[in-house]
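Asker: One line per chain: the protein sequences are A and B, in this order.
Under my numbering, the first residue of the first sequence carries the number 896, and numbering increases by one thereafter.
Under my numbering, the first residue of the second sequence carries the number 6, and numbering increases by one thereafter.
All clues given are correct.
Subject to a maximum C-alpha distance of 35 Å in a straight line, what follows is the list of computed DSBU-like cross-link-like pairs (lysine-lysine):
#1 A:Lys952 to B:Lys102
#2 A:Lys952 to A:Lys912
#3 B:Lys102 to B:Lys56
#4 A:Lys913 to B:Lys107
#5 A:Lys912 to B:Lys107
#6 B:Lys75 to A:Lys952
#7 B:Lys56 to A:Lys952
#8 A:Lys913 to B:Lys102
#9 A:Lys913 to A:Lys952
#10 B:Lys107 to B:Lys56
#11 B:Lys75 to B:Lys107
#12 B:Lys75 to B:Lys102
#13 B:Lys102 to A:Lys912
#14 B:Lys56 to B:Lys75
#15 A:Lys952 to B:Lys107
Quick caveat, the hints were computed from the structure, so don't treat them as lab data.
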Amino acid sequence: EADIYQTPRYLVIGTGKKITLECSQTMGHDKMYWYQQDPGMELHLIHYSYGVNSTEKGDLSSESTVSRIRTEHFPLTLESARPSHTSQYLCASSEWPRAGGYNEQFFGPGTRLTVL
Amino acid sequence: GQQLNQSPQSMFIQEGEDVSMNCTSSSIFNTWLWYKQDPGEGPVLLIALYKAGELTSNGRLTAQFGITRKDSFLNISASIPSDVGIYFCAGPVGYDKIIFGKGTRLHILP
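Could you build the full structure based on these sequences and the hints that come with them?
Answerer: Okay, here's the thing in structure tokens:
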């Protein structure tokens, strides 16, 4: 069982609020990821990190920001939430890929965000 | 950009039936991944395939890496209620990330 945690699991807030979605993993993985997923739909990568002090934008443009001050922690922040941000946000982590192979991404349970 | 096309989009089956789904791409992948997402949870890796033509099983699940490297198939035998969920194929893009298909939603009729 993967040791990757996300809080809160559900969040309902009003427009204009600042929010931070927490993600932490206890596996010592260097690589971490944030995906956005509308209910029952495909996953879109919005941010990823190679390690401490590394953050990269993913394939889907997002108004959110991320930080990576500690290996185990990769929070996502929305400065001013809007209804268009309503979605599920999934965090994942993995080891560095071994030569010629692929290292599994372990996913957290997700945070379902609703902005009213 | 690279894209993965999954079919069917949804399946409605009776308990005990076998299930087949597939994933195709216009690009070659060197690794194929199959994930399952239960309702309200994150995806979990079921099977990873690393070699063209490879056939790999995990319990009642069997997946195959197509010989053209542009497709993969997942079969589930004798479906049970806990098989309900969304099945995603995925493929690594470089060392940085993976891309996901749109998923096949499996429903089991009572």
